[in-house]
Structures are given as C-alpha cells and as structure tokens.
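Peer 1: Spelled out from the first residue to the last, the chains are:
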Amino acid sequence: MDHRIIIEPGRSEKNYWKDLWRYRELFYILSWRDVKVKYKQTVLGVVWAVLRPLLTMIVFTFVFGRMAGMGAQSTVPYAIIVFAGMLPWNFFSISLTECSNSLVGNTNLITKVYFPRMIIPASSVITSFIDFFISFAILILLFIVYGYMPPVEIIYMPLFWIFAFLASFGPGLYLTALNVKYRDFRYIIPFIVQFGLFISPVGFTTETMVQKIPSDWQWVYYLNPMVGVIDGFRWCIIKDTPNPMLHYPFYISLGVTLFLVWLSIYQFRKMEKNFADMI
Amino acid sequence: MSDAIIKVEGLGKRYIISHEQPTGSYTALRDVISNKAKGVLKKKEQLPPKEEFWALKDVNFEIKKGQAVGIIGRNGAGKSTLLKVLSRITEPTTGRIEMNGRVASLLEVGTGFHPELTGRENIFLNGAILGMGRAEIRKKFDEIVEFSGVEKFLDTPVKRYSSGMYVRLAFAVAAHLEPEILVVDEVLAVGDAEFQKKCLGKMNEVSKNEGRTVIFVSHDIAAIRQLCATCVLLKNGQVAKYAESSLVVSEYLKNKEAESFYQNKNIDTSKDAVLKKIYLTNTAGELKTTFNHDEEMVLHFELAIHKKSEKNNLFITLLDQYKRKVASSESQGLAEKMTIKFGPNFLVRGDYSVNAFIHSPGVEFVHMLDDVCNFSIIDNGSKFMIYREHDYGNVFLNTTWIYQ
Chain B
1 MDHRIIIEPG RSEKNYWKDL WRYRELFYIL SWRDVKVKYK QTVLGVVWAV LRPLLTMIVF
61 TFVFGRMAGM GAQSTVPYAI IVFAGMLPWN FFSISLTECS NSLVGNTNLI TKVYFPRMII
121 PASSVITSFI DFFISFAILI LLFIVYGYMP PVEIIYMPLF WIFAFLASFG PGLYLTALNV
181 KYRDFRYIIP FIVQFGLFIS PVGFTTETMV QKIPSDWQWV YYLNPMVGVI DGFRWCIIKD
241 TPNPMLHYPF YISLGVTLFL VWLSIYQFRK MEKNFADMI
Chain F
280 MSDAIIKVEG LGKRYIISHE QPTGSYTALR DVISNKAKGV LKKKEQLPPK EEFWALKDVN
340 FEIKKGQAVG IIGRNGAGKS TLLKVLSRIT EPTTGRIEMN GRVASLLEVG TGFHPELTGR
400 ENIFLNGAIL GMGRAEIRKK FDEIVEFSGV EKFLDTPVKR YSSGMYVRLA FAVAAHLEPE
460 ILVVDEVLAV GDAEFQKKCL GKMNEVSKNE GRTVIFVSHD IAAIRQLCAT CVLLKNGQVA
520 KYAESSLVVS EYLKNKEAES FYQNKNIDTS KDAVLKKIYL TNTAGELKTT FNHDEEMVLH
580 FELAIHKKSE KNNLFITLLD QYKRKVASSE SQGLAEKMTI KFGPNFLVRG DYSVNAFIHS
640 PGVEFVHMLD DVCNFSIIDN GSKFMIYREH DYGNVFLNTT WIYQ
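Protein sequences, first through last, are from chains B and F. Residues in the first sequence are numbered from 1 upward in steps of one, following this note's numbering. Residues in the second sequence are numbered from 280 upward in steps of one, following this note's numbering.
These are calculated hints, taken from the structure and not from any lab test. Bear in mind the structure is a predicted one, so any value in this text is a computation, not a measurement. It is possible that some hints are incorrect.
[As the list claims (entries may be wrong)] PhoX-like, lysine-lysine: derived pairs with alpha carbons at most 25 Å apart: (1) 273(B) - 286(F); (2) 36(B) - 418(F); (3) 514(F) - 555(F); (4) 181(B) - 273(B); (5) 273(B) - 336(F); (6) 286(F) - 18(B).
For reference, chain B alone in the conformation it holds in the complex (with noise of 0.2 Å):
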C-alpha cells in the first residue's frame, strides 16, 4: 500500500512536502471559499478593495505631492508614482493580516481533521490576489486618465508579485502560529502595517530617501523587505527608474525575505503539531 503512516512524538515527517501536493485540492477549495465568502455577503466588498487603494492615493497626492511639494521634478503624474507603491505595499499589508488571523479563524477546521496546516494561511493569501487585479485596474485607469504609457519593464512585474507574495507570506505564517499560541499577537499585526508605511518608498521614493540617510546607514533602511518590492514595482511601472536589481542593496531586502520565509517555515512546522491543543 502506498499510504504508510507513522505517527511517533517530534517526527518530522518525510514526506511533508508531498502531502503537502497531495492537499492541493484542499487548497483550492480554501481559497475558492474565503473569496467566495468575502465577496459574497457584502456588495462592498468590491467596492471596499477599489474605494481603499483610491481614498490612500488620492489623500497621498494631495499631502505629499501637492503640499509637501514631493514628486514635482518628474515627469510622471505623482498619481502614478504614489500608486505603483499603493499597490504592492496594500497587497502586503492585506496578505499579512489575512494570513495572521488565519488560524485562529479556522480552530473548528485544526481541531477535527487532519490536513497539512500550512495550506490555511497559503490560502488566505489567496483572498488577497483578488484585492491586487482589482488594484491593478485601477492602475490601468489611471494610465488611461493621464495619458501614460508605461515602459516595457512593465513585463518584469510578475516577479515582484512573487517577492511581494514571499515578503507577506513569511512574516504572516510566523505570526499566525504565534497567534495560536499568544493571542495578543493580533494587536502587533496593524501596528505593523501602520509602522511599515511610513517605513517604505509609497509616500516618496526610494531616490528622494537614500540622498538624506548617511551612505553608511542605508543598508538599514533596505532591511525592510517592501523597499526591494516597491522598488521593484517602480521600475516597471514608471518611466526612466534604475534598475533595482543593478544595486547591491536591493538584495538585502531580498535576503532578508527569504530568511523570514525560511525562518517561518522552520518555526511553523515546529508548532503546528501541536495548534489543536493550544488553539
């Protein structure tokens, strides 16, 4: 027989990563439900996800470009600017929350059956990708209204979606787990996403920000890993940016994503044996 299952305390299964394929279905049907859910109940539910991104542009514009005078050297709209940081930076700050609160919104699930816990908050990411199109139209429109064409980099894009994925990703399955274990853990999460706003190029820019650090310093700022990610996002959106991934310090934010990532995972599959006893 092809299913042999041992169960013995602290076994790190073998074939982990294989149930975790043979879940697959389970994974969709998750993501298919919390969408389904989410958008279901609630007409506002669409128009929350473009009402959101919209309002933060909008007041952004007016604050930074308009009274602190930021943006006014290029020659792209400050709109577009603004936005091009909106997006990644409101893709993270939704994946992360969704993905924190993920495990405990599902204790009834964790504590009857048995499936590999990981796909919970994979899935709830899911929910996030539908926030991000939605985003990305509103982009589009922009586009359109200030008669912009983007560059060609913008074909690049995917793969700071990935990044972005992986940077809300990592952090948000540590914090779920720590969620099971100490509830208090949900009040740190929007203190994050508040905090790291004002951390990341989506007010300014990454070019107005390294001429005021000291060049010894700038290696903290890059720490943040949604400065690789907006950065990124940047350069594919608007016109005549550097290249990110032609300077060293692009890769600190993407060694310090992958560290997370690899960390949460590390710590997830430690704990997650025993989330049906603390949950």
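Since the structure of chain B is provided, determine the placement of chain F on it from the hints.
Peer 2: Then chain F, alone, in the frame of chain B:
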C-alpha cells in the same frame, strides 16, 4: 509483517494543566512576559503550580484490515484523545502508531461547513476537507445528494437548513469517502431513527463489503454491538479490555451499573434514618443508567428508618461531570421508599451524579452521601445538538419567546 493495518505501541498523551488561569482563557504574551518577570523577582517555588495529566497512557493494540472496532469508555477515559491522535490532529507524547492506509476522520459532522455557502458548494468544501479530490466528489455527487435527501435545497445556503438536514448532508459526504481507515466519533447520536439506521447500514457496508477498517466511538451500545465485532474498553487512559464486543460491552455495563446503583452494605442502626439504595429507572420501572434528553427519569430512594422523626427530610442535589451543583430538591418527611421524577427536557447531555443527605434542617445531618448513582444523558436531537462542542449549561431553559 502481520496483516495489522493499525499498530499502536506504548501510546501516551500528556497534557499540562496549568493552574494559573482558572478561567481557561488563552495565553497572552503579556502574561508570559509578566510571569517571567515575576519569576525572576520571586523565588522558584512561588511559580504557579502545573499539573500533568495523562489522557492516554501506555496504550497498545492492533487492528486488522477490514475490522470494525468499537471504542467505549466513560467520559474522560481518553476516547476522544485516542481518536485525535489516530487521525493526526494532535501529536502523541510517547509511543508509536503505524498505519497502512489513508485515514479519514469524522470527528464531528459538518466540520468545515460554511453557513454562507450553498449545499452544493458545501459538498465540495467538506469533501475536500475530508480528503477527496474534486473529480472524486463530482463522480459521487449524485450519490451523495441522494443519500442525504436534500435535493430540493441544494442551492440554498446551509445556514437556512434545519439541523437535521445539516447533519444528513454532512454525513452523506463523509459516508462516501474511500479511505482505508475510517474513524467515526458519535455521529449517530444525531438525526432521526430512520437516518441513523441508514448510517449504520452504510458503515456496515463499508467495513464488511469493501474491506475497510472502521474505528467507531459511541455511547450507543446497541450501535456498537451491531457494527463492531471487537471492542476496546478504555479506562483512565488505558486499555482495560480488548476483546469480542459482547464481552467488552458487558464488562463496561457492569462497571457502569455498579457505579450507578448505590447500595449501602453496612447500615448504621444507631442513626434515625439511613439511605439504603439509590437508583434510576425509566417510567416503566426498568433500571437504566443512560437516558435520552427527552426521556422521563425516576430516581428511587430506599431508606431504613429506625426512628421516626417529623423533622427529618431528604435533600438531594444533582451534580454535573465536574461535580458542580446543578439543581436541588428537598422532601417533606421521609418514607421507606421514595421516588422523584424529572425530565423530559430537563438536563442537557453529559454525565451526572447525585448528592443526597438526610437531615433535620438547621439541626443535624443524619446521613450523607456524596457523588453516587452516576448516570448519563444523551442528546438525541434537541435544538442545541449543533452546539454540542460548546458549554451551554446543564439544564434546558424552558422559555417562551414573545415577538413584538
């Protein structure tokens, strides 16, 4: 290798009961930090005490392919923990289990049903949760629908289903799983008799005709007898007996009856009055220890009265499984034989026992008995059935709702 499909060796599961949070609320990081800080300041021995509790201890057994095995035991004997470990929901602390096949567990019907989704959508969702692929579900879709009997409501969100329909649909999905090992926990206690019969039939078919292994936990002794040839009796987390069902069941019932039938062996004649026997029957006068929630129960007291006194009364209190007091009643005067009737629809599901004492109020206690006459209540389809995982108290509140 033998033909064992499940081999359990030295299995143990330990829980740490911490006494610092009597409310049983979740751990918060701030508490952990503040406790650590306090721990530094205080001496070691002042840290909150922690108690170990072995829900399972040194459990060994083997199950052969195609066998249907029942697991019985009192509440807290470790049945649910065993199932959870077997179905990989939680990890054992010691020991080892070897299984040769996919396991599907049916620990509670309707797990993962989403109230907003329709019946059709929930079939797919539930199927996937139980380990079926979409193609497999599609293939069996008609069969599932037919078994459940909810064709007409397939496109209605399940939040509008009655609890009966809900359970039917859930069981229908689960019954069409094709794992090598099926783990079932008390699902048959729900639904109407006809549907229960249908489920039992289905499970019988699964184990006998298709050669699958079924592990079945239930309070319903009749169902266990009918379905399972062999049985495991768990007692305090250990296997007390593993043998042919009829032997195990009779031992279980004997134990249970011994605990349910109170009999006083050495009667103290110096006392005014002494309780001799306490036992429960149904209204037809048959001895019983397990009742349905909608059944009337009769609690019998037999007393030896040595000195008649106007002032002596019998005071009884029902206790729940945590020995908390549920409700009390007091007689006015005593007699050699006394009965009280209660129910139907009074106690909710669970295990109960009785406190009884003879006293003259405010003067003296004549004879006192604590925690005797154990009995169980099974919910066979009340409105609260769907909340069986939650604590909704001990008694049904019989209220009248007025809508204005």
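Peer 1: Does each hint hold? Answer for all of them.
Peer 2: Do the hints match the structure? See the list:
1. Among the hinted pairs, residue 273(B) with residue 286(F) is consistent with the structure: their alpha-carbon atoms are about 21 Å apart, no more than 25 Å.
2. With a C-alpha separation of about 23 Å, the suggested pair residue 36(B) and residue 418(F) falls inside the 25 Å cut-off, and the hint holds.
3. Only pairs whose Cα atoms come within 25 Å are accepted, and residue 514(F) paired with residue 555(F) is rejected, the gap being roughly 28 Å.
4. Note on residue 181(B) and residue 273(B): the hinted pairing holds, with a Cα-Cα distance of about 12 Å set against a maximum of 25 Å.
5. Simply put, residue 273(B) and residue 336(F) have alpha-carbon atoms about 19 Å apart, close enough for the 25 Å limit, and the pair holds.
6. The straight-line distance between the Cα atoms of residue 286(F) and residue 18(B) is roughly 23 Å, inside the 25 Å bound, and the hint therefore holds.
In terms of the numbered hints stated before, the structure departs from hint 3 and from no other.
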